[in-house]
Amino acid sequence: MKSKVAFLPYGIWMLLFTIVPLGLVAYFGLTDEAGHWTMSNLIRVSDYAYVFIKSIWLAVVATVICLIIAYPLAYILSRISENRQRMMVMIVMLPMWMNFLLRTYAWMTLLEGTGIINSLLKIIGIGPLNMINTAGAVVLGMVYNYLPFMILPLYSIMTKIDGSVIEAAQDLGSNNWQVFSKIVLPLSVPGITTGIIMVFVPAVSTFIISRMLGGNTTMLIGDLIELQFLGNAYNPNLGAAISMVLMVLILICMTFLNKMDSEEMEGMLI
Amino acid sequence: MKRKTSGLSKFYMGLVLFFLYMPIFVLIFYSFNESKSRSNFTGFSLKWYLQLFQNDQLLSALMNTLIIAVVSSVAATILGTMAAVGIFSLKKWARSLVMNVTYLPIINPEIVIGVSLMLLFLLFKMEFGMLTLILAHISFSVPYVILNVLPKLRQMDIHLYEAAQDLGCSPISSFFKVVVPEIMPGVLSGFMMAFTYSLDDFIISYFTSGAKTQTLPIYIYSMARKKVNPQINALSTIIFVIVLVILLLINWNDSRKEKQLKLKRREQI
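If you read the protein sequences in the order shown, they are chains U and A. Anchor point for the first sequence: position 196 equals 196 in the working numbering, and the numbering is continuous, going up by one each time. Anchor point for the second sequence: position 37 equals 307 in the working numbering, and the numbering is continuous, going up by one each time.
Treat the hints loosely; a few may be bogus.
30 Å max Cα-Cα, derived BS3-like pairs, lysine-lysine [claimed, not checked]:
hint	chain 1	residue 1	chain 2	residue 2
1	U	Lys160	A	Lys280
2	U	Lys160	A	Lys534
3	A	Lys532	A	Lys280
4	U	Lys4	A	Lys362
5	U	Lys122	A	Lys306
6	A	Lys447	A	Lys361
7	A	Lys280	U	Lys54
8	A	Lys447	A	Lys527
9	A	Lys422	A	Lys447
10	A	Lys422	U	Lys4
11	A	Lys280	A	Lys529
12	U	Lys160	A	Lys527
13	U	Lys4	A	Lys447
14	U	Lys4	A	Lys361
15	U	Lys160	A	Lys529
16	A	Lys527	U	Lys122
17	A	Lys532	U	Lys160
18	A	Lys280	U	Lys182
19	U	Lys160	A	Lys422
In case anyone wonders, no lab produced these hints; they're calculated from the structure. All figures in this text were calculated on a predicted structure; none of them were measured in a lab.
Construct all of the structure, not just a fragment, from the sequences and the given hints.
Pasting the structure below:
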């Protein structure tokens, strides 16, 4: 097919709406208000190192918890009978279709001082516990919101594991642990890396979950960026510099989780 | 093959489902509460639903969301399908370059995409509103359309397209008669993805909407900031029911198709 003309509109679009905007972020990050080149924004980012460390730490904790919860679930899902599998996967994924603001709001009402968890605890004679506006609440919000992003790639990779391979290993005398560590785990590594990226990236850059569940106690990178563009601290140059650092951070994290090739990405999109 | 689910597995699945659904069910339960309290159930009432339907701000936000979703997903589908066909015919190095740029909006954190588009619209001195929202939504959904259409193009037998031309079709009519039907499933799933992502998007919209135009997620955010607002519970319930019905329909449709396939196969045997 010789249809390069068909590419033209997208080529222009891509230039205008992907490359130019990201170039603008770099430009703002490297200039001052008057438009002179400067490194001062990037240097000022280091003042917020504690925000970066906190964001990365909370996102790592949330990602690990997601992996721990999702891995057995994905395995169980991939091994149930096929006609029930579709239904079960749908049930697991359904909450993901609710807007994440509503889901986060739900936890706000559960965790608050006069919320339902505290009133239940009161009956048993514990509490009231201070749960909302803590770092723990933010991690909980991340886990709750992004868990499906971990389950889905793990599940789709595990359905591809041929059952007869597992049987063969069992026939050859492997015990359950060996089957897991020698077959299931190595074959599911691409799903694990995709899942980690899909949870870590939104978690490390969130600003709503931290604001709704963390109150003013937990300032994350996302909050910091938002403040520079739409908040009181209006300073797009600094905001752009923080965004640049965030982008580089995620790029490093991705190369670290070594390359996701294009085919895996397509598989990830359901 | 072992296909029985053990008791432990069932228990684990139940536990995770409890975690996933409990918050939503609590919201739904309290949406029928007479008082504003979120821990005491004082009596059954539908008043929050009534208030919701009289809430003009909410209804206009809903309208905006639907307009943006329809316009942006149709535009993204057309642009993305053309792009996929174009990319397919590019040379290898150009293709991988374009694909790398296409992945950028998917890989980058949404907040960075939102901020970058905001800077673009500021540069062009565009007024923030419906137009900027639609442009932003098209640009984050086009990659998904491309990624859905490209595999279908790869699976297609290119000789069919050539055969159509050998038999006298013009390149354009053979494209519409041969290629389009082949890639249609990819185009449709790309469209569905673009549509749902547009409906659901908050972060990118937040940076590109300006002060005057609200979409439903932005309105939900402004409601949630006021903390106690039982209208959100009512809204959640409605959205939950809609999502449930749609997913059940899809599921039902899929399993019906599968049954038909199985029947056909049996007949052939």
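Status of each hint after checking the structure:
Simply put, Lys160 (chain U) and Lys280 (chain A) have alpha-carbon atoms about 22 Å apart, close enough for the 30 Å limit, and the pair holds. Proposed proximity of Lys160 (chain U) and Lys534 (chain A) is supported: the alpha carbons are some 26 Å apart, at most 30 Å. With a CA separation close to 29 Å, the supplied pair Lys532 (chain A) and Lys280 (chain A) stays within the 30 Å bound. Among the hinted pairs, Lys4 (chain U) with Lys362 (chain A) is consistent with the structure: their alpha-carbon atoms are about 13 Å apart, no more than 30 Å.
A C-alpha spacing of about 20 Å is found between Lys122 (chain U) and Lys306 (chain A), which places the hinted pair at or below 30 Å, so the restraint holds. About 25 Å separates the Cα atoms of Lys447 (chain A) and Lys361 (chain A), which keeps this hinted pair within 30 Å; it holds. In summary, the hint linking Lys280 (chain A) to Lys54 (chain U) is not supported, as the alpha carbons are separated by about 36 Å, beyond the 30 Å threshold. As the CA atoms of Lys447 (chain A) and Lys527 (chain A) are separated by approximately 25 Å, the hinted pair is consistent with the 30 Å bound.
For the proposed pair Lys422 (chain A) and Lys447 (chain A), the alpha carbon gap of about 15 Å is at most 30 Å, so the pair holds. For the hint linking Lys422 (chain A) to Lys4 (chain U), the alpha-carbon distance of about 18 Å falls within 30 Å, and the restraint holds. For the suggested pair Lys280 (chain A) and Lys529 (chain A), the alpha carbons sit about 27 Å apart, so the restraint of at most 30 Å is met. At roughly 22 Å between alpha-carbon atoms, Lys160 (chain U) and Lys527 (chain A) fall within 30 Å of each other, so this suggested pair holds.
With a C-alpha separation of about 19 Å, the suggested pairing of Lys4 (chain U) with Lys447 (chain A) holds against the 30 Å cut-off. A hinted pair counts as satisfied when its Cα atoms are at most 30 Å apart, and Lys4 (chain U) with Lys361 (chain A) qualifies at roughly 10 Å. With a C-alpha separation of about 22 Å, the suggested pair Lys160 (chain U) and Lys529 (chain A) falls inside the 30 Å cut-off, and the hint holds. For the hint pairing Lys527 (chain A) with Lys122 (chain U), the CA-to-CA distance comes to about 52 Å; that exceeds 30 Å, so the pair is violated.
Our distance criterion of 30 Å between C-alpha atoms is met by Lys532 (chain A) and Lys160 (chain U), whose separation comes to about 21 Å. For the proposed pair Lys280 (chain A) and Lys182 (chain U), the alpha carbon gap of about 25 Å is at most 30 Å, so the pair holds. In summary, the hint linking Lys160 (chain U) to Lys422 (chain A) is supported, as the alpha carbons are separated by about 20 Å, within the 30 Å threshold.
In summary, the structure is inconsistent with hints 7 and 16 from the numbered list given earlier, while agreeing with the others.
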